[in-house]
Amino acid sequence: MPSGETAISAEGVERRFGDLAAVDGVSLEVKTGEIYGFLGPNGAGKSTLTRVLCTLLKPSAGRGSVAGYDVESQPGEVRLRAGVALQEAALDDKQTGAEMLALQGRFYGLSAKATKARVDQLITLVDIGDALDRRIGTYSGGMKRRLDLALALVHDPQVLFLDEPTTGLDPVSRAKVWQEVRRLNDDLGMTVFLTTQYLEEADELADRVGIINQGKLVAEGTPTELKRLIGTDVVIVTVEGDPALARDALDLLPMVEHLEVNGPSLTLSVSDGPSAISPIAVALAQVAEIDVIELSLRRPSLDDVFLSVTGERIADSSAFMASASASRNPQEPK
Amino acid sequence: MNSSTTAAAPPVTRIEPKNAGFLRDLTSVAYRALRAIPRDPAAVIPALIIPLLFFVVNIGALESVAQGIGVEDFRAFQLPVAIVFAVTGVSRASDLVTDIGSGYFDRLLVTPMSRTALLLGLMVADLALVMALCVPVLILGFLVGVEFATGVLGALAFVLIGGLWGLAFTGFPYAIALRTGSPAAVNSSFLLFFPFAFLTTSFLPLEALTGWLAAIADYNPITYLLAALRSLLSEGWIWADLWPGLLAIFIVGALSFTLAFGALRGRVSRG
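Top to bottom, those sequences are chains P and Z. All letters in the first sequence, in the order written, are residues 1 to 334 by the numbering used here. All letters in the second sequence, in the order written, are residues 1001 to 1271 by the numbering used here.
Watch out, some of these pointers could steer you wrong.
Covered stretches of chain Z, going by a simulated chain P footprint (3 or more residues, C-beta under 8 Å) [to be verified]:
id, segment
1, 1020 to 1028
2, 1032 to 1045
3, 1242 to 1251
Below, simulated DSS-like cross-link-like pairs (lysine-lysine); rule was C-alpha separation at most 25 Å, straight line [as the list claims (entries may be wrong)]:
id, chain 1, residue 1, chain 2, residue 2
4, P, K58, P, K216
5, Z, K1018, P, K116
6, Z, K1018, P, K216
Computed far set for chain Z versus chain P, every beta-carbon distance over 10 Å [as the list claims (entries may be wrong)]:
id, residue
7, P1017
8, I1049
9, D1099
10, Y1104
11, L1108
12, P1136
13, L1140
14, G1145
15, L1160
16, A1197
17, Y1219
The set of hints was computed from the structure by calculation and includes no laboratory data. Even for Gly, the Cβ is constructed at its ideal location relative to N, Cα and C.
Between the sequences and the hints, there should be enough to build the whole structure, so can you do that?
Right under this line is the structure:
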């Protein structure tokens, strides 16, 4: 597909499980050659939308297409053109890595010779040396994740779906996956749809980011555009005492464009951070008469964007969802 | 677009994926399943030992009793029972449940492979395995003096019929695996085997059974399967015994395959 054409589209996609709308009317478009980061906390609907787009689930409403083919009426065409690495590394512990790669090639109609050539190309990514001929049950988590990604790439897909590809990986393995995603995108123009709950991953890799919360797409744009949404700079103030008093005092300052209270901390979006520090300190000390424990200035992050559009931080939200999930399913493996 | 690249990675050429075709999908699934069998011998050893043990114990305990009520060659009478014990309920259903639990089943579903081949390939592997499991039972039978009235061809037919029965029965554990995705439920599926295996002519001929057991044995497909296998051993090519046995296999197979492929449709429906 030529660059600039639509590689992935979702038009009002809904996916319900009983009364629960896991994905609630999401519309988005990913151009060929883009890396699209789909950012949200656990349980936000990222994986469900991914499963709809890669033909594992039918949408309850709306329509989706991948590489120009409808996910509901032309799933076979979509499967030929999409590579998928789902949230958990989906492997067979009784097979060796080499056997799994060869088997995957057979399912896409590759000859033994073509599969071998392809596996030789992917060995750099897998980077598990002689272990490729060992059974997968002996692999570490990082080795399994890299093999899982290689399996998704055996048939050289036009569109690659990566559902939280680095969750649970050590920093070195994570960097390797990021490197490979960039290479696939740069060298082959492969379109990548990447779900993540890691802000730095979306920031580092994605050309555009969609933020999903409670099944709805709440913001979309390049990381820079999204950060601009909340002002140029962010000031974080931690106070001792009633943060409501601090909020009332800071609300009076004209340079404060947006203000969020999070426990004893206040996050302020300001147009010119360095010049705002002094008036903020004065307002807290003299107007609110409240002690400041910490006052810092930084560039906005995607977490600030998430806070701005959802009212909570993604880390808090993820922790809450993980805790809720664990208490619902205490025996369920992670 | 991000511009950083890695220097070490080799150039990647584009390839054209296509549908592999039903036969290739089928053989791929079957080959993977067969390859896994020797890597997990604990899953097969009971299926090998139990029929041999039953065969030896039944002969030791019941041979003189059976001869007393007119069974001339009790060893030949028991060999088909050992075969039924060897092949019934042997399936890759527990591997299928593992695939469902690990997410590998979903990985298969995002490939363009035939959904039918996904299950039928496992059943082909089962057929190969159960026919292989018949061999040691048959060898033990020869060692204790059992002979085939139908000769070598009859022995081959004996193994084939045993294999087809094993295949016909596999639909039940697969249906349970695909409906529940539960290893415990699949492990319990062998309970289905007991009424089939014991409420029949496993130990005594039909004429010696009385009351409710005789009535149930009349409707038990294994009664006809055992009659077919026994006729190959003791009487020759008696089609009046063989056809009902083959029909019993067909009926059980039709029922279990309907349940299994219905469960497969439900599992892959994306609904």
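Going by Cβ atoms, does Z/L1108 stay more than 10 Å from chain P at every point?
Its Cβ does come within 10 Å of chain P, the nearest being 7 Å, so this is violated.
With d taken as the least Cβ-Cβ distance between Z/L1140 and chain P, does d exceed 10 Å?
Non-interface label on Z/L1140 holds, nearest chain P Cβ at 30 Å vs cutoff 10 Å.
The output says Z/D1099 does not contact chain P. Does that hold with a beta carbon cutoff of 10 Å?
Given a closest Cβ separation of 7 Å, the condition is violated.
Please work out if Z/K1018 and P/K216 have their alpha carbons no farther apart than 25 Å.
Since the Cα atoms of Z/K1018 and P/K216 sit roughly 35 Å apart, the hinted pair is violated (cutoff 25 Å).
With a C-beta cutoff of 8 Å, work out whether three or more residues of the segment 1242 to 1251 of chain Z approach chain P closely enough for the coverage to hold.
violated (count 0)
Status of the stated non-contact between Z/I1049 and chain P (beta carbon gap over 10 Å)
22 Å, holds
At a Cβ distance under 8 Å, does chain P reach at least three residues of the segment 1032 to 1045 of chain Z?
holds (count 5)
Whether Z/G1145 stays farther than 10 Å from all C-beta atoms of chain P, as the label says
40 Å, holds
Z/P1136 non-interfacial with respect to chain P [C-beta, more than 10 Å]:
24 Å, holds
Would you assess whether Z/P1017, listed as outside the interface, keeps its beta-carbon beyond 10 Å of every beta-carbon in chain P?
4 Å, violated
Far enough from chain P: is every CB of that chain over 10 Å from the CB of Z/Y1104?
5 Å, violated
Could you grab the alpha-carbon distance between P/K58 and P/K216 and see if it respects the 25 Å cut-off?
18 Å, holds
Consistency note: the structure conflicts with the earlier hints numbered 3, 6, 7, 9, 10 and 11.
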